[in-house]
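J.: What follows is the residue order along each chain.
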Amino acid sequence: MTPPAPRTVGPPGFLETLRGIVGAAHVHTDPQALLAYECDALSHARALPGVVVLPAEAREVQRVVIACAEAGVPFVARGHGTGLSGGAQPVADGVVIVLSRLTRILHVDLPNQLITVEPGVTNLAITQHVAPFGYYYAPDPSSQQVCSIGGNVAENSGGAHCLKYGFTVHHVAAVQAVLPDGRLVEIGSDLADEPGPGLLALLIGSEGTLAVITRVTVRLLRRPATVRTLLAAFDSVDAGGHVVSDVIAAGIVPAAIEMMDALAIEAAEAAVHPDFPRAAAILIVELDGPGAEVEAHFAQVLDLCRRRGSTHIDVAADDAQRARIWKGRKAAFAAMGRVSPNYYVQDGVVPRSRLSEVLGRIRALEASSGLRIANVFHAGDGNLHPLICYDASVPGETDRAAAVATEILAYCLEAGGSLTGEHGVGVDKACSMPKMFSPDDLAAMQRVRRAFDPAMLCNPGKLFPTPRLCGEVPGPYRAHATEIAGVADRW
Amino acid sequence: MVTAADRLRDAAGLAGCHARPPAAPDEIDGVMPAVVLEPAGVVDVAEALRWASSTRLSVVVRCAGSKDGWGRPPRDVDVLLRTTRLDRILAHEADDLTATVEAGARLHDVNRALATRGQFLPFDPPDAHLATIGGVLATNDAGPWRHRHGTSRDRLIGMTVVMPDGLVSSSGGRVVKNVAGYDLGRLMVGSHGSLAVIVSATFKLSPVPPDTRTLRIRANRPTDVSALLDQLRQRQCEPDAFEAHVAHGAADEVVVLVRYGSVTAAIDDACRETRACADLIGAATATASGDDADAWWRAHEAAGAHPDRVQLRLSWKPAAFAQATEFLTRVAGDIAFDWIGRVAVGSGVLSLGGDDVEAQARIIRALRTSDVFGHVVITRAAASLRRLVDVWAPTRGQLALWPALKAACDPHDTLGAGRGPL
Ligand SMILES: Cc1cc2nc3c(=O)[nH]c(=O)nc-3n(C[C@H](O)[C@H](O)[C@H](O)COP(=O)(O)OP(=O)(O)OC[C@H]3O[C@@H](n4cnc5c(N)ncnc54)[C@H](O)[C@@H]3O)c2cc1C
Numbered sequence: 001m002t003p004p005a006p007r008t009v010g011p012p013g014f015l016e017t018l019r020g021i022v023g024a025a026h027v028h029t030d031p032q033a034l035l036a037y038e039c040d041a042l043s044h045a046r047a048l049p050g051v052v053v054l055p056a057e058a059r060e061v062q063r064v065v066i067a068c069a070e071a072g073v074p075f076v077a078r079g080h081g082t083g084l085s086g087g088a089q090p091v092a093d094g095v096v097i098v099l100s101r102l103t104r105i106l107h108v109d110l111p112n113q114l115i116t117v118e119p120g121v122t123n124l125a126i127t128q129h130v131a132p133f134g135y136y137y138a139p140d141p142s143s144q145q146v147c148s149i150g151g152n153v154a155e156n157s158g159g160a161h162c163l164k165y166g167f168t169v170h171h172v173a174a175v176q177a178v179l180p181d182g183r184l185v186e187i188g189s190d191l192a193d194e195p196g197p198g199l200l201a202l203l204i205g206s207e208g209t210l211a212v213i214t215r216v217t218v219r220l221l222r223r224p225a226t227v228r229t230l231l232a233a234f235d236s237v238d239a240g241g242h243v244v245s246d247v248i249a250a251g252i253v254p255a256a257i258e259m260m261d262a263l264a265i266e267a268a269e270a271a272v273h274p275d276f277p278r279a280a281a282i283l284i285v286e287l288d289g290p291g292a293e294v295e296a297h298f299a300q301v302l303d304l305c306r307r308r309g310s311t312h313i314d315v316a317a318d319d320a321q322r323a324r325i326w327k328g329r330k331a332a333f334a335a336m337g338r339v340s341p342n343y344y345v346q347d348g349v350v351p352r353s354r355l356s357e358v359l360g361r362i363r364a365l366e367a368s369s370g371l372r373i374a375n376v377f378h379a380g381d382g383n384l385h386p387l388i389c390y391d392a393s394v395p396g397e398t399d400r401a402a403a404v405a406t407e408i409l410a411y412c413l414e415a416g417g418s419l420t421g422e423h424g425v426g427v428d429k430a431c432s433m434p435k436m437f438s439p440d441d442l443a444a445m446q447r448v449r450r451a452f453d454p455a456m457l458c459n460p461g462k463l464f465p466t467p468r469l470c471g472e473v474p475g476p477y478r479a480h481a482t483e484i485a486g487v488a489d490r491w
Numbered sequence: 001m002v003t004a005a006d007r008l009r010d011a012a013g014l015a016g017c018h019a020r021p022p023a024a025p026d027e028i029d030g031v032m033p034a035v036v037l038e039p040a041g042v043v044d045v046a047e048a049l050r051w052a053s054s055t056r057l058s059v060v061v062r063c064a065g066s067k068d069g070w071g072r073p074p075r076d077v078d079v080l081l082r083t084t085r086l087d088r089i090l091a092h093e094a095d096d097l098t099a100t101v102e103a104g105a106r107l108h109d110v111n112r113a114l115a116t117r118g119q120f121l122p123f124d125p126p127d128a129h130l131a132t133i134g135g136v137l138a139t140n141d142a143g144p145w146r147h148r149h150g151t152s153r154d155r156l157i158g159m160t161v162v163m164p165d166g167l168v169s170s171s172g173g174r175v176v177k178n179v180a181g182y183d184l185g186r187l188m189v190g191s192h193g194s195l196a197v198i199v200s201a202t203f204k205l206s207p208v209p210p211d212t213r214t215l216r217i218r219a220n221r222p223t224d225v226s227a228l229l230d231q232l233r234q235r236q237c238e239p240d241a242f243e244a245h246v247a248h249g250a251a252d253e254v255v256v257l258v259r260y261g262s263v264t265a266a267i268d269d270a271c272r273e274t275r276a277c278a279d280l281i282g283a284a285t286a287t288a289s290g291d292d293a294d295a296w297w298r299a300h301e302a303a304g305a306h307p308d309r310v311q312l313r314l315s316w317k318p319a320a321f322a323q324a325t326e327f328l329t330r331v332a333g334d335i336a337f338d339w340i341g342r343v344a345v346g347s348g349v350l351s352l353g354g355d356d357v358e359a360q361a362r363i364i365r366a367l368r369t370s371d372v373f374g375h376v377v378i379t380r381a382a383a384s385l386r387r388l389v390d391v392w393a394p395t396r397g398q399l400a401l402w403p404a405l406k407a408a409c410d411p412h413d414t415l416g417a418g419r420g421p422l
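So the sequence lines, in the order shown, correspond to chains A and B.
Residue 168 in the working numbering sits at position 168 of the first sequence, and the numbers go up by one each step.
Residue 40 in the working numbering sits at position 40 of the second sequence, and the numbers go up by one each step.
These aren't lab readings, by the way, just hints derived from the structure by calculation.
Source: prediction; values computed, not measured.
Please note: incorrect hints may appear among the correct ones.
To be verified - Computed spacing ranges between beta-carbons, pair by pair:
# : chain 1 : residue 1 : chain 2 : residue 2 : range
1 : B       : ARG221    : A       : ASP109    : 22 to 30 Å
2 : A       : ASP319    : B       : ALA265    : 22 to 30 Å
3 : B       : ARG235    : A       : ASP235    : 40 to 48 Å
4 : B       : HIS412    : A       : ALA131    : 51 to 59 Å
5 : A       : THR466    : B       : GLY290    : 55 to 63 Å
6 : B       : VAL43     : A       : GLY20     : 53 to 61 Å
7 : B       : GLY69     : A       : GLY20     : 31 to 39 Å
As the list claims (entries may be wrong) - Distance condition first, Cα-Cα at most 30 Å in a straight line; then the derived DSS-like pairs of lysine-lysine:
#  : chain 1 : residue 1 : chain 2 : residue 2
8  : B       : LYS204    : A       : LYS435
9  : A       : LYS164    : B       : LYS406
10 : B       : LYS204    : B       : LYS406
11 : B       : LYS204    : B       : LYS317
12 : A       : LYS330    : A       : LYS164
13 : A       : LYS435    : B       : LYS406
14 : B       : LYS317    : A       : LYS164
15 : A       : LYS164    : A       : LYS327
16 : A       : LYS330    : B       : LYS204
Claimed, not checked - Listing some non-contacts, in silico: residues in chain A with all C-beta distances to chain B over 12 Å:
#  : residue
17 : SER85
18 : ASP190
19 : VAL345
Note that CB positions come from ideal geometry on N, CA and C, so glycine has one too.
Turn these sequences into a full structure, and let the hints steer you where they fit.
T.: Below you can see the structure in the form of structure tokens.
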């Protein structure tokens, strides 16, 4: 066999420059090594990068970006590759900048409730670092053991407890970032309320398209005084959905409200035996805060569950029982493999008051499509995660599952919801963006993107619909004054 | 030479914009605009801006004018765009705890309407009785509720703006969780109308607590305030607000207001814990609710808002409250001041007396270069002081990004008349 021809990346000398910056051992061009970086957790969206570099610190990241900018080579930042929308998918023959070696905890400031870390530190490691002192970092994505804080910032990640405590954007005080032209800047600070427009908030959730994050300062919270958790079973998904809006309308903001339907319960039982009741739906409601407030609200929630005809209520008597409930909830995703050979995870949002209605439509779709759909999701935020079960070995079923997933998104948008609550747009939903945003909405976002990245080198092809990805992009593109003037041109 | 009358004649052609000549209250920091426009809907705002930007006019956006002292002295202003007529509540989805409101709606009116369903927007900036939704967003101004609820940027879930060339753009949405697209809404918060005109916004609301109570604690020294806050944290008390007032020359006494909002039983517990903590630092404590408590809060706000003093917004390291007090006392020398703010957050306002602008400028510079204070913004001062020291003092990161952002959103410098920040 003839070895594959050596691939060329960038102009002559480019790879040498990269090796000079991070050391030859941390530059990969061997196709075998590159395979590991072909995709994130959206594993069907693949592209082979030209080169993968693993810098050791912010200055090296900066020099790599400068090299890319000078050579005109596109680059994609990558944390731990757990993203579910293809955000870290490489640009074919471009550069992947992997942040996984930047794992130092740089500064812990407990009196001011701040911690500063490098972007490769995992979400859970932050909480583990400060837990002995009674503090924690609030956003808790299910992937928290493995995802990086840099990835969390890029995706504005959430978790079960974001209902009360908010998302990544509510907990980041400052970042250090390398702009696409190579400048290293601080955005935000240790001090509250930096004046001026919300550059930090813009960067959070921008999916790696505006800058490479090289340092993150997050706020820490103190553990609440009391935590109470209940599990309520219902004989319809509808009833569970109504309880969610009843609770919100009653002026109670629980720490979390999660829902699982019969199929999700079955999967969780098969995997970790949480001893959940067999029911059409269960709700897990967790309240936390000062003791007397939690007790009062807890009694109200119990009452609301009973009024909607809850068939069975378990109250966690201690931490062990609470942990068992959460274990069952968190295992549900991975456990789907036990009830279906393949499944597709959708991520959409509906107003909480429309939960029952949309869940009803999903049930009807299940019947008409012949594909089983499990629901396990952040009900308190209206963030649906339907899991569409299919068998890839049956011809046509993969496509049908994808069509069902798309249909569910349409239901979310018709109800006034969103394309994505936490997994991001990436490549997965870039072509769906025009269903939620008008051409003018997207044009305004593009203007901002150009302010950061006029050369379009920083994670191009993500988040926005492009002709290459989506064919004809619907709607007329509105040129900006600077474009008409010839200062900048289109992607 | 185009005269104000010509401008007015051109503007009269903009249907729905209610063009009129300016009157005395329309003066912007000493500059009279040529025309005042009062559009009533997003289409009218777009038309007005399209006209203004294509004719290269300069536009200042204002609603009630409660934050009019903010910013650098303006250049010439051609158009004053008032959002007064954009005052509707477009939606209140009580079962979702969300509401969509227009920028010119008054915070008080909005909250009165939301209260019928036991909900509210937890914003209490200074002069809240005048403040409009657009003004709160544009300045990212906040008050004591900042302690529990964050700023308007934290509560925002969607926004519609008009860019200077008339492009109407919405971002975010109406649901509380959503990561689709860039968060242009949160970007606009704090931009002071220098990037786009905010037309409407959607917020996550809060339930009105069933009961509230305030404790007034007279701490004998600044370190006691930090000790008190620390004790409350240890006991896992969760106040709605934790404010301090430090007055020049009032020995070391710091007046602290702590407010709880919850079910009555929880408030009873929290007040008991708080009194016990106050006893530990030997501080005198009083408790009030209803009108009596309101009077304390009004006095507290008024202390930071002397109408004829220089006013600054500033932040500090929360744990360094005592050092900050000491530093401030030292640099202020014999210039009178009142400093009020959120102790646990480290943000508030400072009002500075005296009429020596050189001395005031020296204090501002000292605060900006200290290790405990930062983000010092001048929110009210004579133009002479604002020429001596910059109102905004952007950081290096901001200087790296602001020009490109301004060029991308407002390439002809249509908005803001140079008042800043961008
Ligand atoms: C089993 C499972 C469960 C999950 N559960 C949740 C959940 O509950 N909630 C939730 O929100 N998400 C969840 N996710 C999705 C994922 O874990 C998050 O999006 C996470 O934040 C991604 O982090 P990462 O380090 O893996 O980022 P990657 O996948 O490596 O990258 C994600 C995006 O961030 C960008 N990026 C990464 N690092 C940087 C950086 N330093 N600077 C700039 N851009 C960067 C990339 O370019 C890419 O666009 C789950 C994923 C899995 C596989």
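J.: If you test the structure against every hint from before, which numbers come out violated?
T.: 7, 9, 17 and 18
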